[in-house]
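Kindly generate the complete structure, drawing on both the sequences and the hints.
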Amino acid sequence: MLYRLEPRGERSLFWAYGSPVLAILLTILTMMLIFAALGAPPVKGVETFLIAPVSTLSGLSSLLVRAAPLVMIGAGLALCYRANVWNIGGDGQFIMGALAGGGAALALPNAAFWWAYPLVAALGILGGMGWAGLVAWLRLKFNANEILTSLMLVYIAQLILVWLVTGPWRDPAGFGFPQSAMFGPGVTTPSFGGTTIHLGCVLAPLLALALWQVLGRSVLGFQLRVIGQAPRAARFAGFSNARLTWFALLMSGGLAGLAGFFEVTGPIGQLTATITPGYGFTAVIVAFLGRLHPVGVIFAGLLLALSYLGGDAAQINLNLPNAVTGIFQGVLLFYLLGADVLILHRLRRARPAPEAAA
Amino acid sequence: MSAAYITSFAISIVAASTPLLLAASGELVAEKSGVLNLGVEGMMLVGAIAGFATAHQTGSALLGIGAAALAGVALAMIFAALSLSLLANQVACGLALTIFGKGFAALLGAGYVGIAGPVLHPIALPLLSRIPLLGPVLFNQNILIYFSFVMVALIAWFLNRTHAGLILRAIGDNHDAAHAMGYPVIRIRYAAVAFGGAMAGIAGAYLSLFYSPLWSQDLTAGRGWIALALVVFSTWRPVWLLVGAYLFGGITFLALYLQGMGFSVPSPLISALPYAATVVVLVLISRDARRIRLNQPACLGKYFHAIA
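Sequence order for the protein chains is F and U. Taking the numbering used here, I'd label the letters of the first sequence as residues 5 to 362. Taking the numbering used here, I'd label the letters of the second sequence as residues 245 to 552.
Treat each hint with caution, since some may be false.
As the list claims (entries may be wrong) - When the alpha-carbon atoms are kept at most 20 Å apart in a straight line, the in silico EDC-like pairs for lysine to aspartate or glutamate are as follows:
(1) F:145 / U:532
(2) F:48 / F:316
(3) U:546 / U:417
(4) U:546 / F:10
None of these hints come from the bench; they were simulated from the model.
This is the structure in structure tokens:
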């Protein structure tokens, strides 16, 4: 081995913020290679994938619409990962929020009272919280691994969604398509100025910032950081692991549920069999790329939202499969995780070690 | 119920259990060495398309299996490089592998959706396959089904009866001590992860060359994750892996059977049965925290960095 890793003995602030930049640059270079391998001109490919989608006003508003769920779920996941709670079921919590809020909205098609919308939104939050709460309960009461339970609950939520939109909640006037009726105007998420930008796009960054305040200034936020970084110290300090697990999962579930509620009552306008292209999984990347920090999550959410738009653009303009979105996301996370080694270690040229030098 | 029915049920259960058994037995070896690779689902998907595409191009299902194993190893090596050499968090690397694998498989498979490819045919073992009831179930199957049984036996023997297996377990339980004794911790973990990748890739090829037998974007439908749960269920013992895989194969078959019977429960809810069962089984096995602690490799998921 020519180089070896040497512990720095402290966190490098430079690399904590430099590693996402390095990862993004390496990802763009890799995407150029992939475009070339697929027979598309590399530079034009990157331009189509990352720049063209946001060069128009309507493109920018689509970006915000795509980023809203990613930022909301990602902020919640960042909270969980800080507490060493590996919630990867954001997609399931998103779907359950959409079902709880959307189901209530279907029951109130002609709602004209002002509190109808807050009511259905609250139910959306509760839907996501309930699904994440199940994960917390199974982990704390039965010691069940939250990675596997939260993931299994994604599949179950998706199948419940399919059942409802093909069965009890199917629109009788919908020609048998797997979708519900459209939501009434009183329970629809408002959008602004003739664009697709809706209330959720505005609330997502605000909620992320609010979360930052909660984490940065409250005792609970402090306990959360301690439990994540030094679980033993947290135990000796008497911090309740159970309470923090509940807190992290309920917060992230609630945020994901709200995101699901916005998505179906806003851009989609009804419940359909596919309401998420895997936002809950992409949000895992958002959380890591955003350095598990709410402000970072906002920027990371925008970049990964762009990867969805880029995939669509590459499909239309370059005739490439839109799976390039998944490649971009996976490669980005690979490089990020790899580059993060530089936060705690430095590369040193290895000297040929003399025998038994220890 | 006639004997022919029972035989055909049993054949369906074996068919549904095998991919879980293949993927889980590979992961078991990786976890025994102390590495938690959550990328099984991604490796299975890439194995499935690599196997299908190779079999389609060459006309040979066997070459397809080989290609699937190699593709699984290639993906596993990305994981190993990140988590073992660059000391990245294993949970995050595994997730990244699954996200990347899904995208990569979809990209490779874009031209193969909905077309037929070569299929693995059953190989009847002479004499044995003529045993009534049991013969057709156990001895008139395709090569991967035999392979899955052989591998479980081999892994059990390797881990419990060989010196190399002892070293692998030692590394999983205490990598610092193993390192101090002069064993190459990282190199052996690379090998264990590669083996896990090959088995996951082969499990994918089983789905695309026999079980479906077609390529579709979400071919694995969470089987990689169920395989991970099975390793916990088995409390890291190969023989119990066999029991777990067949339990789940049985549940999957039951779900299909109920759907076929036109049962009054809506079919999406029946399809949710294996996933719900996974949660239930995890709960039942994990509630005894001491049993998990006693059996789980002590260094599972922890990173190792020797300061030379």
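Tell me the hint numbers this structure goes against, listed in increasing order.
none
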